[in-house]
Amino acid sequence: MITESNLPLVVLLGDSIRMGYHAVVVRELAGVAEVWAPTENGAHTKHTRARLTEWFAGKQPAVVHINVGLHDMWLNEDGTHRHELPEYLAELKAILEWLRDRTEARIVFGLTTPVDQDRQCASNYARVVRRNTDIPAYNGPTRALVESLGLGVNNLYAAVQSVGVDQLIAAD
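Read in order, the letters of the sequence shown are residues 35 to 206 in our numbering.
Just so you know, the hints here were simulated from the structure itself, not pulled from any lab data. Wrong hints could be hidden among the right ones.
Label-pair distances were calculated between CB atoms; the ranges are [said to hold, decoys possible]:
id	residue 1	residue 2	range
1	Arg83	Val60	22 to 28 Å
2	Ala171	Gly65	39 to 45 Å
3	Pro170	Ala124	16 to 22 Å
4	Val142	Pro120	20 to 26 Å
Derived lysine-lysine pairs resembling DSS-like cross-links, with alpha carbons at most 27 Å apart [unchecked claim]:
id	residue 1	residue 2
5	Lys80	Lys127
6	Lys93	Lys127
7	Lys93	Lys80
From the three backbone atoms N, C-alpha and C, an ideal C-beta is built for every residue, glycine too.
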């Protein structure tokens, strides 16, 4: 879609990871594309899926970059995840199919980044709520799903690993 500014529209969806890179994307695509994202945190897959119709009303993006998963991996007090891997993958598949079926956009999925477990313990969480060991366990099947649908993968995990969690991960 060409916007009123005659630039293609890029939509960013996702959790606080997306919120962290949003300003950089806007800056880097200035004059090349118009960038839009919801003001709210996309949180987990069920939340994102429930908001798609609202978020895409009147929009026909050229590109959708999405990352969800960090909130799905959230550890409940009993040690289970908010959404165990099969439920997460089913919700993610539904989101990606919705985007593919209702937009003409190139869809790119950003793999979940590492986390700083020490910061979690020092935060108001006062415990580890996301484990680094869970991230590759979710990212691997996520990559396979995204690629099986013929969609693009942005390996945010590798990018953060190469630069360093202390350099790229926000306080939350």
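Verification of the supplied hints:
no., hint, in the structure
1, Arg83 with Val60: 22 to 28 Å, "holds (25 Å)"
2, Ala171 with Gly65: 39 to 45 Å, "holds (40 Å)"
3, Pro170 with Ala124: 16 to 22 Å, "holds (20 Å)"
4, Val142 with Pro120: 20 to 26 Å, "holds (24 Å)"
5, Lys80 with Lys127, "holds (11 Å)"
6, Lys93 with Lys127, "holds (21 Å)"
7, Lys93 with Lys80, "holds (21 Å)"
In summary, the structure agrees with every hint in the numbered list given earlier.
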